[in-house]
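Model the full structure from these sequences, guided by the hints.
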Amino acid sequence: DGGITQSPKYLFRKEGQNVTLSCEQNLNHDAMYWYRQDPGQGLRLIYYSQIVNDFQKGDIAEGYSVSREKKESFPLTVTSAQKNPTAFYLCASSLSGRWGYTFGSGTRLTVV
Amino acid sequence: AQKVTQAQTEISVVEKEDVTLDCVYETRDTTYYLFWYKQPPSGELVFLIRRNSFDEQNEISGRYSWNFQKSTSSFNFTITASQVVDSAVYFCALSSNQGAQKLVFGQGTRLTINP
Chain H
1 DGGITQSPKY LFRKEGQNVT LSCEQNLNHD AMYWYRQDPG QGLRLIYYSQ
51 IVNDFQKGDI AEGYSVSREK KESFPLTVTS AQKNPTAFYL CASSLSGRWG
101 YTFGSGTRLT VV
Chain R
1 AQKVTQAQTE ISVVEKEDVT LDCVYETRDT TYYLFWYKQP PSGELVFLIR
51 RNSFDEQNEI SGRYSWNFQK STSSFNFTIT ASQVVDSAVY FCALSSNQGA
101 QKLVFGQGTR LTINP
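Heads up: the sequence lines are chains H and R, in that order.
With the working numbering applied, the first sequence covers 1 to 112.
With the working numbering applied, the second sequence covers 1 to 115.
No lab work stands behind these hints, which were simulated from the structure alone.
Predicted model only: the values in this text are computed from it and were never measured.
It cannot be assumed that every hint is accurate.
Claimed, not checked - Quick list of in silico lysine to any residue cross-link-like pairs, SDA-like style, CA-CA up to 20 Å:
hint, chain 1, residue 1, chain 2, residue 2
1, R, Lys38, H, Phe88
2, R, Lys38, H, Gly3
3, R, Lys38, H, Leu45
4, H, Lys70, H, Val52
5, H, Lys9, R, Val46
6, R, Lys38, H, Arg98
7, R, Lys3, R, Gln69
8, R, Lys38, R, Arg51
9, R, Lys3, H, Asp59
10, H, Lys83, H, Val19
11, R, Lys3, H, Gln37
12, R, Lys3, H, Ser96
13, R, Lys3, H, Arg98
14, R, Lys3, H, Gln41
15, H, Lys57, R, Gln2
16, R, Lys3, R, Ser74
17, R, Lys3, H, Ile60
18, R, Lys38, H, Asp38
19, R, Lys3, H, Gly58
20, H, Lys57, R, Gly99
21, R, Lys38, H, Pro39
22, R, Lys3, H, Gly42
23, H, Lys57, R, Ala100
24, R, Lys38, H, Arg108
25, H, Lys70, H, Thr5
26, H, Lys9, R, Ser42
Said to hold, decoys possible - Chain H regions said to be covered by chain R (calculated; three or more residues, Cβ under 8 Å):
hint, region
27, 36–50
28, 98–110
As the list claims (entries may be wrong) - Reference listing, derived: stretches of chain R covered by chain H, where coverage requires no fewer than 3 residues with Cβ under 8 Å from a Cβ of chain H:
hint, region
29, 31–44
30, 84–96
31, 104–115
Each residue gets a CB set at the ideal place from its N, CA and C atoms; glycine is no exception.
This is the structure we're talking about:
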């Protein structure tokens, strides 16, 4: 079945470490997105990519980095520069915005 | 700029009551698309409905119904005879035909159905 796979589901990171969240889709979607969600809050866009080898900053890109070397994959790295990384991270993909997004199941990142 | 407002942060009702979640949007585009997503406690956002700006027909799907009114820029969602399994956070979203076609999300409404 087609869909988006995010891994791991839960991730613990020590302060000062970089960590990479995986997002893979087999929907043949061109566009992919990363969102951050804090408890009781809405979705905030971190980065998005509309085509391979190209990506743009969203509203809260500082402290994060991404790559888009393959159509299927859009990994997110949370760097040590991100001061408050504990959050729920959602990846999404779309054929185009007019059709909406398909979301992954999310990764819950906790800094210990 | 596009904007989606969900003024109800939290709603709590007793099971079997009807409940309406409000969504008001702003856009200058003539062609746009509206969505509702459900986020259960597991966290994944689940697509519920898509509506384009040229289709103002109301939609009913089982206990769910949607009322789209361009005159008031609203796309409200009603759950009839609510059930505990309807408890979730619900997001309204908007996209257009222009530019990056990103979805703009409202802040979400947390709906709690009490037994």
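- Satisfaction of hint between Gln69 of chain R and Lys3 of chain R, Cα-Cα up to 20 Å: holds (16 Å)
- Taking 20 Å as the top limit, are the C-alpha atoms of Lys3 of chain R and Ile60 of chain H close enough? Judged against 20 Å, a Cα distance of about 17 Å means the pair holds.
- Measure nothing beyond the straight line between the CA atoms of Lys3 of chain R and Gln41 of chain H; if it is 20 Å or shorter, mark the hint as holding. Cα-Cα ~16 Å, so holds.
- Message: Against the 20 Å threshold, does the CA-CA distance of Lys57 of chain H and Gln2 of chain R hold or violate the hint?
- Response: holds (18 Å)
- Message: What's the verdict on Lys38 of chain R and Phe88 of chain H, does the C-alpha distance respect the 20 Å limit or exceed it?
- Response: With Cα atoms ~16 Å apart, Lys38 of chain R and Phe88 of chain H stay inside 20 Å; holds.
- Query: When you check the alpha-carbon spacing of Lys83 of chain H and Val19 of chain H, does it fall within 20 Å?
  - Reply: holds (13 Å)
- Within 20 Å, alpha carbon to alpha carbon, are Lys3 of chain R and Gln37 of chain H? holds (18 Å)
- Verify the proposed pairing of Lys9 of chain H with Val46 of chain R, using a straight-line Cα cut of 20 Å. holds (17 Å)
- Measure nothing beyond the straight line between the CA atoms of Lys57 of chain H and Ala100 of chain R; if it is 20 Å or shorter, mark the hint as holding. Distance ~12 Å between Lys57 of chain H and Ala100 of chain R Cα, so the pair holds.
- Are 3 or more residues of the region 31–44 of chain R near chain H, judged by a Cβ distance of less than 8 Å? holds (count 6)
- Item | Pair hint outcome, Lys57 of chain H versus Gly99 of chain R [Cα-Cα no greater than 20 Å] | holds (15 Å)
- Message: Lys38 of chain R and Leu45 of chain H were given as a pair; does the straight-line alpha-carbon distance stay at or below 20 Å?
- Response: Holds, at roughly 18 Å.
In summary, this structure violates none of the numbered hints.
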